[in-house]
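J.: Going down the list, the sequences are from chains A and B.
The first sequence finishes on residue 317 if you use our numbering, and the numbering steps up by one all the way, no holes.
The second sequence finishes on residue 204 if you use our numbering, and the numbering steps up by one all the way, no holes.
Calculated directly from the structure, the hints in this document are not laboratory data.
Hints are not guaranteed to be accurate.
Unchecked claim - Within a straight-line C-alpha distance of at most 25 Å, the following computed BS3-like cross-link-like pairs (lysine-lysine) qualify:
hint: 1; chain 1: B; residue 1: Lys133; chain 2: A; residue 2: Lys219
hint: 2; chain 1: B; residue 1: Lys56; chain 2: A; residue 2: Lys221
hint: 3; chain 1: B; residue 1: Lys62; chain 2: B; residue 2: Lys91
hint: 4; chain 1: A; residue 1: Lys219; chain 2: B; residue 2: Lys64
hint: 5; chain 1: A; residue 1: Lys221; chain 2: B; residue 2: Lys64
hint: 6; chain 1: A; residue 1: Lys221; chain 2: B; residue 2: Lys133
hint: 7; chain 1: A; residue 1: Lys221; chain 2: B; residue 2: Lys62
Claimed, not checked - Simulated restraints, written as ranges between beta carbons of each label pair:
hint: 8; chain 1: B; residue 1: Val45; chain 2: A; residue 2: Val174; range: 54 to 62 Å
hint: 9; chain 1: B; residue 1: Met(-13); chain 2: A; residue 2: Thr127; range: 48 to 56 Å
hint: 10; chain 1: B; residue 1: Gly116; chain 2: A; residue 2: Val299; range: 35 to 43 Å
hint: 11; chain 1: A; residue 1: Val171; chain 2: B; residue 2: Asp90; range: 29 to 37 Å
hint: 12; chain 1: B; residue 1: Gly(-2); chain 2: A; residue 2: Thr313; range: 36 to 44 Å
hint: 13; chain 1: A; residue 1: Asn207; chain 2: B; residue 2: Glu99; range: 24 to 32 Å
Stated by the list, open to error - If we take Cβ atoms under 7 Å as the criterion, some of the chain B residues that face chain A in the derived model are:
hint: 14; residue: Phe3
hint: 15; residue: Pro60
hint: 16; residue: Gln61
hint: 17; residue: Val65
hint: 18; residue: Phe69
hint: 19; residue: Asp71
hint: 20; residue: Ala73
hint: 21; residue: Phe75
hint: 22; residue: Asn77
hint: 23; residue: Ile81
hint: 24; residue: Val87
hint: 25; residue: Asp89
Even glycine gets a Cβ: it sits at the ideal position worked out from N, Cα and C.
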Amino acid sequence: MTLDLTPFVLSFKLAAVTTLILFVVALPLAWWLSQTRSRLKPLLEALTALPIVLPPSVLGFYLLVVLSPESAIGGWITSVLGVKLVFTFTGLVVASCFYSLPFMVQPLQNGFESLNAHMIEASYLAGKSKIETLWYVALPNIRPALLTALIITFAHTVGEFGVVLMVGGSIPGETKVASVAIYEMVEVMAYDQAHIYAAILLGLSFGVLLLVYLFNDRHRRTMRWL
Amino acid sequence: MITIDITRELHGAQGAFTLRVNQRVNENEFIVIMGESGAGKSTLLRIIAGLEGTEGSIVVDDVPWQEGRKILPPQKRKVGFVFQDYALFDNMSVIDNLLFVNDDKAFASELLEMMEIDALKSRNVRLLSGGQKQRVALARALMRRPKVLLMDEPLGSLDPRMRRKLSIKLKALHQRLGTTTLMVSHDVAEAEYLAERIWLVEAGMVNTYDTSFLERLQ
């Protein structure tokens, strides 16, 4: 029995691209949410957290409708940018960014909110802008939260199923990621292969989470000692 | 010369009240601000620094830091601020805390020498004692060569021996650099030693006294 690793490669490629994009998008959003006193804050927090509680099929359905060339947005993207977003890898990346958004925003926001507010103010009083303060003061002081955000976003994207199936379907080498491949194997009762794929995903997910918790535990102990 | 004419609504233990400040601070002056907890002393410092909003005007050396709705952000105020909890940048060494404010290595070394912490310059600030941290905080506040140095109970969390030692250091530093200083303190002896004038914040008003007023409190 030969093991086709393409679905894993796709899953990890999708997770890496999604994590990178979300880091760039979520960092200013999490920073703004942690610092603002705006009345819009609860609204944005609720919107950001939606993918945690929504069934993936609901999110996948709406994304499919919006990204489809038949819709205004999807049609515009297809005709102006020449990018097809349904049943393509690019579409999967867009869908994953929505689906994994809270896993990047929330740890970063919690990290920023736990910082000593006077430290941030001291940076402003040193003449530094909000962006300089974010980059040189806030971000280096929330390293455990930053690592948690990056790893959990990556791992969560690898574990996606419902949304990717709805938006990407199951095109081998294009959108058929590991979780979708396992589903199809079970459907055709290829349990031996499904076991191998599932065990690889289980082992990788557990390993990644263990690393995060070990790092955070070590960081906590060091901070206590200091 | 600093001219302050501001009002600000505050919520104290006795309910809402209005803080009214109409005062002047002379060049090179050292003023100690006293008053009960919740009277608005820290808020007053934060307003001068631009960290909190208010109504009225603050003019420093003919430059309006606040005039009606025109408010200069903290980044542009040239203020040195020392927080009671130090608020050092934990990810940086002692010297990097200073150089982050102003990349003037010679001035940073001079300040660290004056504070007698030049031997600690490469150490991470997390590894310092309370007294050492406060000296770094003071040196960092001076790095911008501020027009006004604001200190919010800078010695409040230190033991009596360290308080006395740093009071002496503060006085020597003020005599050498002549930075106009406003410092919040609850300690009468400390105020008597450092202050040229006392501002007493009570019932929403700020009244000014000379240091002989402190004898009545002792």
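J.: Indicate, hint by hint, whether the structure satisfies it.
T.: Cross-check of the supplied hints:
no.: 1; hint: B:Lys133 to A:Lys219; in the structure: holds, 17 Å
no.: 2; hint: B:Lys56 to A:Lys221; in the structure: holds, 20 Å
no.: 3; hint: B:Lys62 to B:Lys91; in the structure: holds, 22 Å
no.: 4; hint: A:Lys219 to B:Lys64; in the structure: holds, 12 Å
no.: 5; hint: A:Lys221 to B:Lys64; in the structure: holds, 17 Å
no.: 6; hint: A:Lys221 to B:Lys133; in the structure: holds, 22 Å
no.: 7; hint: A:Lys221 to B:Lys62; in the structure: holds, 13 Å
no.: 8; hint: B:Val45 to A:Val174: 54 to 62 Å; in the structure: holds, 56 Å
no.: 9; hint: B:Met(-13) to A:Thr127: 48 to 56 Å; in the structure: violated, 36 Å
no.: 10; hint: B:Gly116 to A:Val299: 35 to 43 Å; in the structure: holds, 40 Å
no.: 11; hint: A:Val171 to B:Asp90: 29 to 37 Å; in the structure: violated, 51 Å
no.: 12; hint: B:Gly(-2) to A:Thr313: 36 to 44 Å; in the structure: holds, 40 Å
no.: 13; hint: A:Asn207 to B:Glu99: 24 to 32 Å; in the structure: holds, 28 Å
no.: 14; hint: Phe3; in the structure: violated, 22 Å
no.: 15; hint: Pro60; in the structure: holds, 5 Å
no.: 16; hint: Gln61; in the structure: holds, 5 Å
no.: 17; hint: Val65; in the structure: holds, 6 Å
no.: 18; hint: Phe69; in the structure: holds, 4 Å
no.: 19; hint: Asp71; in the structure: holds, 6 Å
no.: 20; hint: Ala73; in the structure: holds, 4 Å
no.: 21; hint: Phe75; in the structure: holds, 6 Å
no.: 22; hint: Asn77; in the structure: holds, 4 Å
no.: 23; hint: Ile81; in the structure: violated, 14 Å
no.: 24; hint: Val87; in the structure: holds, 4 Å
no.: 25; hint: Asp89; in the structure: violated, 11 Å
The earlier numbered hints that this structure contradicts are 9, 11, 14, 23 and 25.
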